[in-house]
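So the protein sequences, as listed, match chains A and B.
Each residue of the first sequence is one higher than the one before, starting from 0 at the first, in numbering that gives the first Met the number 0.
Each residue of the second sequence is one higher than the one before, starting from 0 at the first, in numbering that gives the first Met the number 0.
What the hints contain is simulated information worked out from the structure, not anything from laboratory work.
The structure presented is a predicted model; accordingly, all values stated were derived computationally and were not measured.
Computed, partial: chain A to chain B, Cβ under 7 Å:
hint: 1; residue: L55
hint: 2; residue: G86
hint: 3; residue: P93
hint: 4; residue: N101
hint: 5; residue: I103
hint: 6; residue: Y149
Across the chosen pairs, the derived CB separations fall in these ranges:
hint: 7; chain 1: B; residue 1: V8; chain 2: A; residue 2: E40; range: 55 to 61 Å
hint: 8; chain 1: B; residue 1: I294; chain 2: A; residue 2: I13; range: 37 to 43 Å
hint: 9; chain 1: B; residue 1: R193; chain 2: A; residue 2: V62; range: 23 to 29 Å
hint: 10; chain 1: B; residue 1: R193; chain 2: A; residue 2: D59; range: 17 to 23 Å
hint: 11; chain 1: B; residue 1: G127; chain 2: A; residue 2: D30; range: 44 to 50 Å
hint: 12; chain 1: A; residue 1: K147; chain 2: B; residue 2: R193; range: 30 to 36 Å
Ideal Cβ positions, reconstructed from N, Cα and C, are used throughout, including at glycine.
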Amino acid sequence: MAVLTVSDLVVELITPRGVIRAVDGVSFDIDAGETVTIIGESGSGKSTTAMALLRLLPDDLAVISGSAQIDGQDVVGTRKHIGGIRGRSVALIPQDPMTALNPIATIGQQMVEAIRHAHGSLSKAQARERALELLRQVHLSAPERRVKSYPHELSGGMLQRVLIAMALSTEPRLIVADEPTSALDVTVQAGILDLLLEMQERTGVAVLLITHDLGVARLMSDRIHVMHRGRFVEDGDVEQVVDNPQHEYTRNLLAAIPELGAWDDPEDPDHPDYIDPVAETAAPATDPAAEPAAPTTRPEQAGIPATKGGPRP
Amino acid sequence: MRRYVLKRVVQTILTAWFTVTVVFVLLRLAPGDPAVSYAPPNPSSEQLEAIRREFGLDQPLLSQYWTFLTHLLHGDVGQSFQFRQSALTVVLERLPYTITLAVAAIVITAVLAIPLGVWMARRANTAGELGANIATIAGQSMPDFWIGFVLLIVFAVNLQWFPSSGFTSISSLVLPTLTIVVLQVALISRLVRREMSVNLNASYVTIARSRGVSERRLTWRYAFSNSAIPVVTALGTRFAAMLNGVVIVEVVFRWPGVGQLVVDALERRDLPVIQATVLVTVLLALFVQLAVDLIYPLLDPRVRLGEGAR
Ligand SMILES: Nc1ncnc2c1ncn2[C@@H]1O[C@H](COP(=O)(O)OP(=O)(O)OP(=O)(O)O)[C@@H](O)[C@H]1O
Ligand SMILES: [Mg+2]
Numbered sequence: 000m001a002v003l004t005v006s007d008l009v010v011e012l013i014t015p016r017g018v019i020r021a022v023d024g025v026s027f028d029i030d031a032g033e034t035v036t037i038i039g040e041s042g043s044g045k046s047t048t049a050m051a052l053l054r055l056l057p058d059d060l061a062v063i064s065g066s067a068q069i070d071g072q073d074v075v076g077t078r079k080h081i082g083g084i085r086g087r088s089v090a091l092i093p094q095d096p097m098t099a100l101n102p103i104a105t106i107g108q109q110m111v112e113a114i115r116h117a118h119g120s121l122s123k124a125q126a127r128e129r130a131l132e133l134l135r136q137v138h139l140s141a142p143e144r145r146v147k148s149y150p151h152e153l154s155g156g157m158l159q160r161v162l163i164a165m166a167l168s169t170e171p172r173l174i175v176a177d178e179p180t181s182a183l184d185v186t187v188q189a190g191i192l193d194l195l196l197e198m199q200e201r202t203g204v205a206v207l208l209i210t211h212d213l214g215v216a217r218l219m220s221d222r223i224h225v226m227h228r229g230r231f232v233e234d235g236d237v238e239q240v241v242d243n244p245q246h247e248y249t250r251n252l253l254a255a256i257p258e259l260g261a262w263d264d265p266e267d268p269d270h271p272d273y274i275d276p277v278a279e280t281a282a283p284a285t286d287p288a289a290e291p292a293a294p295t296t297r298p299e300q301a302g303i304p305a306t307k308g309g310p311r312p
Numbered sequence: 000m001r002r003y004v005l006k007r008v009v010q011t012i013l014t015a016w017f018t019v020t021v022v023f024v025l026l027r028l029a030p031g032d033p034a035v036s037y038a039p040p041n042p043s044s045e046q047l048e049a050i051r052r053e054f055g056l057d058q059p060l061l062s063q064y065w066t067f068l069t070h071l072l073h074g075d076v077g078q079s080f081q082f083r084q085s086a087l088t089v090v091l092e093r094l095p096y097t098i099t100l101a102v103a104a105i106v107i108t109a110v111l112a113i114p115l116g117v118w119m120a121r122r123a124n125t126a127g128e129l130g131a132n133i134a135t136i137a138g139q140s141m142p143d144f145w146i147g148f149v150l151l152i153v154f155a156v157n158l159q160w161f162p163s164s165g166f167t168s169i170s171s172l173v174l175p176t177l178t179i180v181v182l183q184v185a186l187i188s189r190l191v192r193r194e195m196s197v198n199l200n201a202s203y204v205t206i207a208r209s210r211g212v213s214e215r216r217l218t219w220r221y222a223f224s225n226s227a228i229p230v231v232t233a234l235g236t237r238f239a240a241m242l243n244g245v246v247i248v249e250v251v252f253r254w255p256g257v258g259q260l261v262v263d264a265l266e267r268r269d270l271p272v273i274q275a276t277v278l279v280t281v282l283l284a285l286f287v288q289l290a291v292d293l294i295y296p297l298l299d300p301r302v303r304l305g306e307g308a309r
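One chain only, chain A, in its complex shape (with noise of 0.2 Å):
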C-alpha cells in the first residue's frame, strides 16, 4: 500500500489580492523506500502541495480539496487524523535550518521532545541518549556538546543534519523535504543529499521532495513531477523527463540549469580529499561523483550526478 496517495488535490489561497488557486489538482503517490520530486519554478505550489497535505496551512488562508491519504488515514477531508500522524508517521525537513528551530532551547531539549513525543513510554533519560545516537547516525561531530547548544551556535549544515536527526527521531513512513538543500552553502549540499539517502537506504521511508534543482532532482528521485502554475505539466521516471522531455516548460527548465560543476570539486566536503577547515562534519564520504556517470548523460548536462539508481558505493 502506498504511503503517500494524493488525489486531485487543490488549494486555494484567500489573499487580499483575491483567490488563488495555487495547487490545481494533482494527484500522485508514493510507496515505502521510494523517493518521488515536484520540481517547478519559483511560484508554481510546490510547497504548498507538502504544506496542504500536513494541514500546515491556516484554515482562513487556505481551502483545500480532493483526497490525500497518509499511512491510509485521511489528512484531506478532515483535520481529524492529522494531529496523530504529525510526528509519528510523517515528518517535515525544512528549507532553512538556521530559522527551524526555537532559538531559545537547546538541540537537545528540543530533540527529547520530539522523541517522546513520537515514543511516549521513553524517560528523559532514555530519549536524550536516543537522540545522541541519532546525531551520531547524521554524521554529526561532537553530539555530546551539540546536544547542549543553541541553534544559533550550529551553521546551517550542522543544524540540517539535526533537522534531518529529528525527523528520523520518530520513525516516520513518510519525509516531506521541502527544498532541504537551497538554503546551504553549496559545499555542504552533497553531504545533506548524500546522508537523505543513506537515510532513506536504511529505514525505508518514503520521500516527497520539492525542489527546482534538477541536479538534486536527478540525483534522489525514483519518479519526478514537473510542476507548473498549480498542475503537473509532466510525469515519470527521471530520465525519462530529462532525456526526452515532453512538455514545453520541461524543456525550458532543463535549458535554465547551470552546469553543475561542485560535484566534483576539492572544495565538496564529503569530496575524498577534501579537508574540513571547521570540522562542521565528520561523514564519512559516500561519494556521489565517485558513482558511474549515466550513460545517457547529454553534454550540456555533464554536471548533473548520476540517478538514485545508479550502483551506490
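For this one, chain A is given, so just place chain B with the ligands on it according to the hints.
This is chain B with the ligands only, laid out in the frame that chain A set:
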C-alpha cells in the same frame, strides 16, 4: 562581567548626577522666590533676606551648587524648607506608598495583559479579537485623570465600595491601581499581541507544529518565550516610570506617595524635597532597568551582557 558591572555603576552615577544637576539649575532659574512661601504675610525685605540666608539662597548659583554637591557626597540632600527636617527622610517616608501602588499596578497589568494579548494573537481576525481590539484602543486613548474621576464618582462616591482618598486600608489601593491598570493593560496587551503574532507565524513554530507539538506548548513554550524580552522590557520601563510618582493618580486619589509630595513641594517651592525626590526616583528607575538587563540573558541565550538585546 566585571567590566559590565563597572560600566553600569559609572553609567548610573553619571545619569543620576546629570538629572539632579538639571533639576537643580532649572528650579533656581524658574521665576518666583521660595522665601515668599515661608515668610509671614506682607513680609519686609529684611524678613525675606533672613529666610533666603537660612535656606542658603542668598549665595551665587555656582556656590549653592558646590555646597549641594559636597553635601550630596556625604549623603546629605539638604533640609526640607516646609518640614524643617532632612528632605531625604521626607521622601523615604512617602516612597513605600508609591512603591506599593506601582507594584500592585504592574503585577495586575502583567496578569491581565499577557493572557489578553496572547488570546488576541491566537484569535487574530475573529469577532472576539475585534472586540478586544476596540476595547484596548479605547483604554489606550482615555486620559488617566478622566478614568480616575469616573472610578471615583462611581465606586467611591455613589456606590461607596472603596474609600475615595488617602490610604486607610488595603481597599484604598483598589481604585488608584485600577486607574493605572486600564491604560497599562491596553498598551501592554497590544504589545504582547504584536510580538506573539510575529512568533506564532515564524517558521520554527510551523515546523514544531509539523513535529506534533501541541498548540498550547507552541503558544507558551515557543511563541511566548520568544516574545518575553520586549514584554519584560516594556513592563520594566512602565514600572520604573511609575516609581517616579504616578502624579495624576496620586493627586486624584490623594494618595500619600512621592507624586503627591512632589506636587506639594513644587507648589511650596520646597527645593530640597524636589531634588531629593528626583534623586531617589532616578536611582530606583536605574536599578529597575539594571534588573531588567540582567534578566535578558536568562530569557534568550543569544543575549550576552553588555551587548544589548539581540
Ligand atoms: N501565505 C501566502 N499568502 C498568499 N499567497 C501565497 C502564500 N503562500 C504562497 N502563496 C502563493 O501561492 C503560489 C504558490 O506558492 P508556493 O510557495 O507553493 O510556491 P513554490 O513552488 O514553493 O515556490 P518556491 O520555489 O519559491 O518555494 C504563489 O503564487 C505564491 O505567491
Ligand atoms: Mg517553496
